[in-house]
Each structure stands twice: as C-alpha cells, then as structure tokens.
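Engineer: The chain contents come next:
Protein chains: 2
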Amino acid sequence: MYFKDITIIDKDLEVREHMHVMTDGEKISYVGDEAPADTEGQEVYDGKGRLLMAGFVNSHAHSPMTLMRGYGEGLALQEWLNDRIFPFEAKLSSDAVYYGTLLAMAESIRYGIVSTNDMYYFCDDMAKAVIDAGCKNNISRSITNFADDDLWTMASAKEMKSFYDNFNGAAGGKIKVDMSLHAEYTTTEKTVRELAEYTKEIGANMHVHVSETKKEHEECKERHGGKTPVKYLSDLGLFDTRTTAAHCVWVEPEDMDILKEKNVSVASNPISNLKLASGVCNVPELLRRGINVTIGTDSVSSNNSLNFIEEMKAFAIASKMMYSDPTAVSPKQTAAAATVNGAKAQGRNDCGVLDKGYRADLAVIDVSGPNMHPVHDMLNNLVYSASGSDVCMTMCDGKVLYRDGEFTTIDIEKTIFETEQETKKILSSL
Amino acid sequence: MYFKDITIIDKDLEVREHMHVMTDGEKISYVGDEAPADTEGQEVYDGKGRLLMAGFVNSHAHSPMTLMRGYGEGLALQEWLNDRIFPFEAKLSSDAVYYGTLLAMAESIRYGIVSTNDMYYFCDDMAKAVIDAGCKNNISRSITNFADDDLWTMASAKEMKSFYDNFNGAAGGKIKVDMSLHAEYTTTEKTVRELAEYTKEIGANMHVHVSETKKEHEECKERHGGKTPVKYLSDLGLFDTRTTAAHCVWVEPEDMDILKEKNVSVASNPISNLKLASGVCNVPELLRRGINVTIGTDSVSSNNSLNFIEEMKAFAIASKMMYSDPTAVSPKQTAAAATVNGAKAQGRNDCGVLDKGYRADLAVIDVSGPNMHPVHDMLNNLVYSASGSDVCMTMCDGKVLYRDGEFTTIDIEKTIFETEQETKKILSSL
Numbered sequence: 001m002y003f004k005d006i007t008i009i010d011k012d013l014e015v016r017e018h019m020h021v022m023t024d025g026e027k028i029s030y031v032g033d034e035a036p037a038d039t040e041g042q043e044v045y046d047g048k049g050r051l052l053m054a055g056f057v058n059s060h061a062h063s064p065m066t067l068m069r070g071y072g073e074g075l076a077l078q079e080w081l082n083d084r085i086f087p088f089e090a091k092l093s094s095d096a097v098y099y100g101t102l103l104a105m106a107e108s109i110r111y112g113i114v115s116t117n118d119m120y121y122f123c124d125d126m127a128k129a130v131i132d133a134g135c136k137n138n139i140s141r142s143i144t145n146f147a148d149d150d151l152w153t154m155a156s157a158k159e160m161k162s163f164y165d166n167f168n169g170a171a172g173g174k175i176k177v178d179m180s181l182h183a184e185y186t187t188t189e190k191t192v193r194e195l196a197e198y199t200k201e202i203g204a205n206m207h208v209h210v211s212e213t214k215k216e217h218e219e220c221k222e223r224h225g226g227k228t229p230v231k232y233l234s235d236l237g238l239f240d241t242r243t244t245a246a247h248c249v250w251v252e253p254e255d256m257d258i259l260k261e262k263n264v265s266v267a268s269n270p271i272s273n274l275k276l277a278s279g280v281c282n283v284p285e286l287l288r289r290g291i292n293v294t295i296g297t298d299s300v301s302s303n304n305s306l307n308f309i310e311e312m313k314a315f316a317i318a319s320k321m322m323y324s325d326p327t328a329v330s331p332k333q334t335a336a337a338a339t340v341n342g343a344k345a346q347g348r349n350d351c352g353v354l355d356k357g358y359r360a361d362l363a364v365i366d367v368s369g370p371n372m373h374p375v376h377d378m379l380n381n382l383v384y385s386a387s388g389s390d391v392c393m394t395m396c397d398g399k400v401l402y403r404d405g406e407f408t409t410i411d412i413e414k415t416i417f418e419t420e421q422e423t424k425k426i427l428s429s430l
Numbered sequence: 001m002y003f004k005d006i007t008i009i010d011k012d013l014e015v016r017e018h019m020h021v022m023t024d025g026e027k028i029s030y031v032g033d034e035a036p037a038d039t040e041g042q043e044v045y046d047g048k049g050r051l052l053m054a055g056f057v058n059s060h061a062h063s064p065m066t067l068m069r070g071y072g073e074g075l076a077l078q079e080w081l082n083d084r085i086f087p088f089e090a091k092l093s094s095d096a097v098y099y100g101t102l103l104a105m106a107e108s109i110r111y112g113i114v115s116t117n118d119m120y121y122f123c124d125d126m127a128k129a130v131i132d133a134g135c136k137n138n139i140s141r142s143i144t145n146f147a148d149d150d151l152w153t154m155a156s157a158k159e160m161k162s163f164y165d166n167f168n169g170a171a172g173g174k175i176k177v178d179m180s181l182h183a184e185y186t187t188t189e190k191t192v193r194e195l196a197e198y199t200k201e202i203g204a205n206m207h208v209h210v211s212e213t214k215k216e217h218e219e220c221k222e223r224h225g226g227k228t229p230v231k232y233l234s235d236l237g238l239f240d241t242r243t244t245a246a247h248c249v250w251v252e253p254e255d256m257d258i259l260k261e262k263n264v265s266v267a268s269n270p271i272s273n274l275k276l277a278s279g280v281c282n283v284p285e286l287l288r289r290g291i292n293v294t295i296g297t298d299s300v301s302s303n304n305s306l307n308f309i310e311e312m313k314a315f316a317i318a319s320k321m322m323y324s325d326p327t328a329v330s331p332k333q334t335a336a337a338a339t340v341n342g343a344k345a346q347g348r349n350d351c352g353v354l355d356k357g358y359r360a361d362l363a364v365i366d367v368s369g370p371n372m373h374p375v376h377d378m379l380n381n382l383v384y385s386a387s388g389s390d391v392c393m394t395m396c397d398g399k400v401l402y403r404d405g406e407f408t409t410i411d412i413e414k415t416i417f418e419t420e421q422e423t424k425k426i427l428s429s430l
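Quick note, the sequences are listed as chains A and B, same order.
Residues in the first sequence are numbered from 1 upward in steps of one, following the numbering used here.
Residues in the second sequence are numbered from 1 upward in steps of one, following the numbering used here.
Chain A on its own, in the form it takes in the complex (with noise of 0.2 Å):
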C-alpha cells in the first residue's frame, strides 16, 4: 500500500507531515518527504487528515477473560476472584477460550493494537484465534504450583511444552511461545527454578506478575527472608532471558536496579491497576533509570477494554499524579512505551517502528476531528485528545486487518454471537 502526503509519526518518534510511505508485502518498503519512485500496482492510501504510526504492542493481557467482562463488578477483589472469577474459569471450554480470544483481537485490531503478550491458559485455543485474527501474539502458558510437585510432573508444564513444540514461530512468526510463571506467591522455589531453568535452555521469554498489590509485596518479604519478588525471582535465575515483568506497583529501588541489570521489561498496566485500586506504577524513575517500560491492558475483567489510546493517556496522567508534577512522562515517552519498546520486549526487533526494512504493522488514526484541532501539538493530541475509535485502519505484516468500520479477517457478528453463547453455557452451569 501506499500512503501518500501523510503525516507520520517517525522512527524517533518524531512528527513529520506530507510524507510518503509504501509497504511490500510484510515490510515497509520506502520512507520519504517525496513520492517514491515507483507506485505501480499499489494501493494508494489518502493521506488527508490522517495520522499514520507503528501499531500499538499491548505489553500485558489475558484476552479470553474477555469473556469475564464487567462480570462481578462492584465485588472487592477476594470476593470478584474467589465468587466471580475463579468459578467461571473452571467452567471454561476449548470453543469459549477461542472466541473470548477472537473477540478480545477483534477489539484489539480495531484500536489499533498489532501485537499482544497474553498468559493464560488453554493456550492452543488462543492461539488458533489469533491466527484466524491475523495479528502478533506472544502467547503464554501461565503456570501455577502450590505443592512441592517436579514440573514436568505437572498437567500445566506439559501442556505449555507441548504448545512451545507446536505453536512456537507459527503463522510466519506472528505466534510467539513464551514460558509463564503466574506469580512468586503462586509457586514454590523448585518451580521457579525448574522453569527458569527450562526457559533458559530453550531460549524463549520470560512474561510475570510482579508486586502487583503491597500484600503481594510483603508477604514475599514475610515469606522469603526480606526478599522482594523481584530479588526472589531474580535469584532463583528467572529473569536470566528475555522477561517481561507486569505490573512492578510496588518495586523497591534495589528492584529497579535488579530489573536494569537484568534488562527486564516492566509492563505498566494503569487503568487495571488504578481500578483494582493496587497502586501506581513509578514509570518515571523506571525510564529515568534506563528501564525498558511499556503498556499493558490486563485483562478486561479488571479495566474494561483494550481501548489503547485511553490506556496511553492513563499511563501518562498517573505518573503526573504521583509526582505532582504536570511534566512527568512525556507524549514521547508515553508512544515509544506503547509501541518501539513494547515490540523489544516481545524480542521482536524489526517490530514496532516506522521505517524502511520494519514489518508492516501500522495504525491510521483519523485525525480530522474536532478533537483533534487545533494542532499545536500532534503527538500530544495523540496522547491526550485521540478517542481510541479514531483509529481507522490496522495493518498487520502489511495486511489490512480493519479498515473504516470493517474486519477482513474476523466475522465480527458471527464472534460476538458465538462469545455470547459461550458466556451464557458458562453461567448456566455455575
């Protein structure tokens, strides 16, 4: 396709308007102030009044909790898991797994979002959605133990191996096999280490929770001679290849410089964090501190939705409060956490920027708007001024995967339908 006289948001984040840019087959193919030289046989994308960026990488979620959205709600947390959540989960089926997943991609191209880090479980059924969707996924099997069992003597490590053997590097790469430990206060120290090990040897990443809650926090402290979750997990060798840890509320600053050492990743999650009222992510001093920082929705049953636009401006506005300070985290800082260093943590390097010899994963907001004039600023409109439906076009590897209201790969009415079947079978049998 070619886009021409567009404004872009660049490879150094920076804005520049009446450019030109074409993609061939899964790349991007020219960059440019003027026509490229040949368009024959191209698409060409009018560029008036659109705003044309890398796809957003969304850091963190579960998307077949999708499933599970709004379910529960005006519970506290025990209540919502141990009365709402958790019985409904262990009612779940291969068929409601998939379409929760399908519907959750859906949402997710049609804001924009080209790639996902998603731990849960049912994990060939999630998969299989995401490749019917057409987008990235860098999907893992979540694994929690509280017996003192060998791992490969579990039902969860065997089925997250089986799916690393059959699903890792699928559909060109877009499927990415990660490994998955839940949480330090959801396993024992032989688990960790066993998976830490495995994870290691086999080269995959590494997707966790960490210090979510301050109960989380301490009682990892309690348990554990003083050791945060992050030095915990640390020593125990689990951040010894690629890791991205969620959440990261409640880190310490021996933390921070465990997680630069160890070039972790740190998924903020902002709305979900500010809903379940865990706490506010200290983005600034990660960024200060060099620290690969990047967005995340969670689940949809702790945020509402995948709206990534929204996600970014809460991202941006929760740090300000924490610091008092209305320059805390900038437009800038705020779109490279939601694309470019999203795309690293995922270990997907020719991902998430705009430029030549990158994948073609881009995002066409519209920008034409009221709410988008004037135009002081278009990065900062972007991050505060954008409703997340302005996103009007998602390309995925150089595919077109929603495009002015409609999807080219999902039978959107055929997911809602078939989700909201499942959901009711689910209900049924509680």
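Among the hints, a few may not be true.
Given that identical chains are not distinguished, each listed pair holds provided it fits within a single copy or across any two copies.
Only pairs whose alpha carbons sit at most 27 Å apart, straight line, appear in this in silico DSSO-like list of lysine-lysine [said to hold, decoys possible]: (1) K48 - K414; (2) K27 - K231; (3) K158 - K215; (4) K344 - K11; (5) K320 - K260; (6) K320 - K414; (7) K320 - K214; (8) K48 - K425.
No lab work stands behind these hints: they were computed from the structure.
The hints should help you fit chain B onto chain A, whose structure is shown.
Structural biologist: Structure of chain B alone, referenced to chain A:
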C-alpha cells in the same frame, strides 16, 4: 423521532431492553415496553445494537480554551500559565472565541454532551456559538479583581450584567446566564460580597472554582484566619443561590457540611485534576453525605479532550484508587453524576432524565462493537468499556445535532479551518 425496540437507561438509571421511546417537539412524549399507539409521521430509529440515554451534562468547562489544546505541554503549571496561557489569552478576539467555542460544542455534541456549564469571558461570542450549535449552556462571565474596586465600576462586571440582560434565557432557554466568581484567590472580600448580593437579587446561579490545589486551599486559610475557601465564600453569602463549586479536591469535612447545608453542587474534574497533578476529589465521601456531585471536563488545555465517556471512567477509577477499594463509586452513581446531577446543578429540572415529559436531550450509543460484548452488565460496559466515539447520535430539545459522523448545525470543516486560522493569528502576534 420514534426509537423502536431499543435498550435504554431509564429514569432510575436502570438498563431496560426492548423499550420504545418517542419524542414530540422538544420533549420525550412516550417511554414504554410496547410500541406507542400512534407513531404516524415519526421517523423510526432502529434500536438494534443501540443504547438510548439522557445526554451528558458537562458541569465545568472553559470552552474557548479549545484554542490552546496541547499548547505548552511539558511545562510546569506556573510556567505554562505565565508563559503560554496568559499571553495567548491576552490576544483573544471575538472571532477566535466564537470559533473556539463552536469547535468545543462540536466536540461536545460528538461525545454526547447536550449541556455545558461554561466559565470564561467574551461571553456574547460564546453564546452565539452555542446558539448556532443548538446545544445548551449555562454560561458565566468569570469575575476576578485584585484591587478593592466597587464591583460596578469594573468593566468585567458591566460585561457580566449586560451579558445577563441580553442572553439569559436565549434560544428558548438553551442559554442560561450564570454568575461566576473565578475563585477566592483571585478576588477581594468586597467583590465576593457584592457579587453574592447581586446574584441573589437576580436569582441567578453561581459558578466558582473551589479548593482545586492544595496551595490555593492552604493559602486561603493563611489569608483569612484559618477559613477554608468553602467557609470563607459561604460566610460572604456566595452559596445563597444555586451554586456549582468546581474541583473541591482539598475540601475538609467541615467544608462538606457547609456544601451539604447550602445545597452546593460539586463538579469533579477527574482528568484535569490528575493531569495537572492537583489531586483527587473525594467523591465517595461527598456522595455518602448526599451532596450533588457532577462531572466536568475542565478546559481542553488541561484535559485535553471533551470525551465524556472517558471522563466517566476516570471519575469512577480515581475514587477506587483514592479509597484502595475497587467498589468505590458504582457505574450507576457515575451515570447519575454525568446526567441528572449535572442538569440539577444547572437548574434545568426538566433535563437529564430519560422519561416522559422531560426534554428530549438524548444520546445514542452504538453498543454493537466488540468492546461492548459480552454484556454481563450494560451500565458497567457503558462506563468502563465504551469509547467516546461510540456515541452515534446526539439530540437536544428533540433536534438531532449529530448523527453517524454528520453534524446538522455545524459546518465542521469550516469550523476547524477558522479555528486553526484564529489560532495562527494569535500565535503570530505573540
């Protein structure tokens, strides 16, 4: 218009499916679970995949500041005000204010806002824009006074009075003229007293900034022998007419007693308060005491949008964070604050409710998208999962102002063009 087989949020803020609603002239003439007897001559609106509700009331705004959207981002508060906002405002013209307000009304209407509480100056130009847009607005000419002038020797007061005389009740009551004291820290005791008296005399509403920042709150106490802004203003009689107090972030328990006793409405502006790092309004406690709490966007210079669904979500989650309680502020309380409470604060008792006999001030939300499924709880989905742009129709006094991307009263391209031109003129004169 006859809304056929549609989901509604009814007068008790309960969600009811398969309802039938009809408007006749400026009012709602029918609400029922069966089709009305006579629908002849009525346009039929197909309710499939749509939610009908009372339009939103934006309880605190400075619409012309739309001209400064994103201007001076990345500066600290005082620098932002002194180096950017104040010099820009000094150059405002009638045309700039007219188009800035018209653009704000376009954005408002696009997001389902039918009525606004505006505070600024150049009010005649603001009123003209609101009348042209066809929505409602309680406009007030904000009074500041640092000397000890008699109120009526001040040009601003004369402007205020003439604006009241010329525009109060204009456009069939769509325009209401309120009085406005900017704030305690920008006026003298004499001005507060004189303005309070005049406001009571003419029976107008009062609109005032109260305890937005900690600095303002504490300095007031130092200046006035320990009196908080609420206590000080109340003692001077400012709350003796129907009053909207914007922000109230730093009010104390004794202040809340006064707000309750004086029937003062509190307009909470969660995004602006977070973005400017002013703090979080204690909405749960205000609600517990039975105070009428409403929602405002504040100006887009400090927000930077008028996306009211986003504002509702921020309203609810800011309170959860403040109380470390995910159950603080329910979707129903949020919907009330966004509609009926706002109408009450404006003294528009026939607005803000979807029921027979009320004004046909309505918003239609497209709930057919992937982000709005499954539906465990529609009100929950509205507050937490909808996107601002899911608003697909806005009607004021029975007249459609926006529908499916089209504005019926505003030439949006011209408005954007003229706003950009006026902005450039001001910038080039600085």
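Engineer: All hints, please: hold or fail.
Structural biologist: Evaluated hints:
1. K48 - K414: between (34 Å within a copy, 16 Å between copies)
2. K27 - K231: Neither: 40 Å inside a copy, 64 Å across copies.
3. K158 - K215: neither (31 Å within a copy, 59 Å between copies)
4. K344 - K11: Answer is within: at 14 Å inside a copy they meet the 27 Å cutoff, but 50 Å across does not.
5. K320 - K260: within (23 Å within a copy, 31 Å between copies)
6. K320 - K414: neither (42 Å within a copy, 35 Å between copies)
7. K320 - K214: Classified as both: same-chain Cα gap 21 Å, cross-chain 15 Å, threshold 27 Å.
8. K48 - K425: Result: close only across copies, 23 Å inter versus 47 Å intra.
The structure is inconsistent with the numbered hints 2, 3 and 6, although it conforms to all the rest.
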